[in-house]
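Asker: These protein sequence lines map, in sequence, to chains X and H.
Each residue of the first sequence is one higher than the last, beginning at 1 in this note's numbering.
Each residue of the second sequence is one higher than the last, beginning at 1 in this note's numbering.
Please note that a few of the clues may not be correct.
If we take Cβ atoms under 10 Å as the criterion, some of the chain H residues that face chain X in the derived model are [stated by the list, open to error]: (1) 110; (2) 131; (3) 158; (4) 162; (5) 164.
No wet-lab data here; the hints were simulated from the structure.
Fair warning: this is a prediction, and the values are worked out from it, not measured in the lab.
Even glycine gets a Cβ: it sits at the ideal position worked out from N, Cα and C.
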Amino acid sequence: MSTWRIASRFFRHDWRRYVAFVGSTAFTVMIYFLYTALSMHPDLQGGYPYARQAVQGMKAAAVVIAIFAFLFLLYSSSSFVRLRMKELGLLSLLGVSKRQLIQIILGENLIIAAVSLAAGLGVGLLLLKLFFMGISALLRLPRELPFSAGVGVWLRTILVFGGMFAAVSVASLRAVLRRSVVELVRAGRKPKAAPRFSAWRLALGLLLLIGGYLWAGSPNPTMVVTGVVPVTLIVSLATLILIREASIACLSWLHGWGRYYYRPGPFLTISQLAYKIQDNYRVLAATAILVAVILTAIGTAFTLYALSTSDAVNTYPIAVQLVQYGGTDERPSIAAVHAVLAKHGLDRMPRRELVALRGRLTGRKLDVAVVPYSFYREIRADGREALNSGDDHEAILVFPRALLHGQRKEAESWNDRVQIGEEELALTVKPDEAGRLVNPGRHLLYNLVVSDVVYDGLANRVAPGQRIHISMWTGDWRGRAMQQASSELSALFAGQEKKLVSTTTGQYQAQVTQMGLLVFIGVFVSLVFIAACFSLLYSRLFTDIEEDRRYACRLQQVGVTTRELRGQALSQMAVIFFLPFVVGLVHSTVAMHALGTLTRRTVLHYGWGAALLFLFLFGAFFLGTGQLYWRALQDGLQREARSGVF
Amino acid sequence: MTILKASGLTKVYGSSRRAETRALDGFSFEVEKGRFVGIMGPSGSGKTTLLNVLATIDAPTSGTVLVDGLDTSRLKGEELALFRRKRLGFVFQDYNLLDSLSIEENIALPLVLDRRPLTAIKRRVEEVAAWLGIEELLNRFPYEVSGGQQQRAAIARAIVHEPVLVFADEPTGNLDSRSARAVMDAFTLINARAGATILMVTHDPFAASFCQTVFFIRDGRLYTEIHRGDGRQAFFQQILDVLSQMGGAYDEHVADRV
Ligand SMILES: Nc1ncnc2c1ncn2[C@@H]1O[C@H](COP(=O)(O)OP(=O)(O)OP(=O)(O)O)[C@@H](O)[C@H]1O
Ligand SMILES: [Mg+2]
């Protein structure tokens, strides 16, 4: 028999094992190809506004994908080789030479590499147009990106993955050649010790987990920010320890609970499951961590998207705002804005004028815009709490609210001095963190509210250069007319440093674009992780199938019915699938809680939304794989049954 | 009372005319309740096929099997599996214990599948294990005990639920002569103590000499049957005589075995 025939026989014997491996590798190739094609697109090398960031993001994502793909390939192929140790050992026992053995392994790897590359590149090419369309829409490029995939893109993808495949083949060759024939034949046939858990490792794992969770759950934003990397490491380690120890402890406890355990379902499942978890806990832990990363990444992207868009109105509370610095005549610019608004039918928006004074809070070392109390009252009248302070010696400092901000708690009030030009005043300052009064701009971030009397006095004395003239049009900021007006306005004042126009709509648009891109990249990278996650679970399942068949066959011989067998196999599989999911979900919930601390909002539902989405994917995958697995198990059983029981 | 009755059993393998094997050819016999019965015959004579058909694992091409008066060909699918696990017990050449369960749990398996209450299960398992001298091993796992001990555990499992019939195919096939003797003693004991009806296929005249009746099968037909009189030694000699009468590959086999 030629080596070629031997290799192809292996393939036909258990094609299901190859499917996941080739499928997920092809998928990774495809994603890498798409990202590379985009980042090397000639049109993007020029300068669209957000394109540069996008290209940077894509390049970073491509590197992450490449590294991840390499680790994934390495792992999959090593478990692949372990699977076939016995077959290869038998072959060499039957007189197949070392050279032929090498040929078989290399041949097989070559085929897998070729098929994965071809499939990945083929599908990638088909999807490229769609991908470009999506990206163009997201980046709001003036012209859709034309279809383009130069030689460089192909070459890079093939070189990167070809190199990986070569490295992985060498690794698997080494693994096989290092072992003697006897070791090969015996591989995986050692009797396994009964799974036991160690109490101190369980305690250590719990301690690490609780420590990590407490750190991440700290109400102090600074703690949360410094904790990101260490907590991730600590919790990953805890997962690795606990997924084995805690599961086995749990199963042992169920085992000891006679009344529950001595029933058909638990009896057949629990001990078998303990062995499975003992054998596979590394994969389960890796999957759990992957799930946590995926859920957190998608949840965070959604959160930032949702918050930053809803936050547009908080960061830019004034629908249209024109700011003019210095003492020039403000009327022509106001008229120009009015004309644009009128052109779009928006001339009935109420307008309010305000002169803010540039000052400095010397105690706090902050540049502030001084505004009168009557203005503050007016703004805060619409529902938000207003600090009551019409007193001449008191002032209110209005803080801007940022989306992610590790802010310390402000004091009730403090004594400070404000300097405006030559003037200096001593004041008692109270903080107001209920949101901005005006859109941000130079000197406008922090607003100091003083009594009208004090304000009037100052306003009369300061030099014109200290005055900031603000014109505000308030009202509904949504709608197409507003959008068009907004872009016309920003074009009108482009390049004029002393006259600034800002609109809520404009801010909203910018956020949608930037965050949309973030979500897009996040979801795409997550897709690769998801594929890897599924592939890990899938290949684990089919790695053990011989053993499962033996187990199922024995059960059948003592009279376990097909239905019971199916229930047993599927419930066991369900635990292997959903245990990592649940663990990952708990981790990501803690992570989302931490994100909530940073955003000072409840964002858990975004994480759970992502989880629900993922649960559907996971469920569908479970059902599909469950079918395949059960059929594969039955195939083997029927083979056994045909040869009789005795 | 007849517990097992086979009449006109025929089993033909391979449907096309050119590759037809008649593994059973009109085989008929009856087994009385509480008997310990052996089945012997040359290799390829149809012993395994017979056991598979009797145990409802395989359907005969024609003929009927009555177990405790019930025609087993009437049973379908799930019913068949349930019948097999409630009414029959099996002992296999390779013991067939589940590696992930302790010896105790392995023995308890049929009772658990039958949803018996926990206390009844525990009591019954201890009782049976005590008969077979494996009560010390209950908490060990299959890979922690010897082959003979595993086979005795398998026998315990086969009778724990008081089946009407216990089938065994070459139960001593993987064992050395000392372990084989312990296993045969165990069979004899459960036959006497629990009144279990046992049907055992074996190549081994020594093992067969523990039976009360031995049926001989050749070319799928009943060749003859002999009954044990007084001593086991005499019965052993009788078996050897029939085997040499039947001829074939038996002589050499026996020669190097005894
Ligand atoms: N599944 C099958 N398909 C076709 N022929 C079969 C099948 N099983 C058994 N046979 C044939 O039927 C005949 C009887 O086989 P069986 O296994 O019953 O013999 P046996 O007495 O158990 O032999 P041994 O002592 O070697 O175990 C043999 O000729 C065998 O080749
Ligand atoms: Mg046989």
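Asker: For each hint, tell me whether it holds in the structure or not.
Answerer: Outcome of the hint check:
{"no.": "1", "hint": "110", "verdict": "7 Å, holds"}
{"no.": "2", "hint": "131", "verdict": "20 Å, violated"}
{"no.": "3", "hint": "158", "verdict": "9 Å, holds"}
{"no.": "4", "hint": "162", "verdict": "14 Å, violated"}
{"no.": "5", "hint": "164", "verdict": "14 Å, violated"}
In summary, the structure is inconsistent with hints 2, 4, 5 from the numbered list given earlier, while agreeing with the others.
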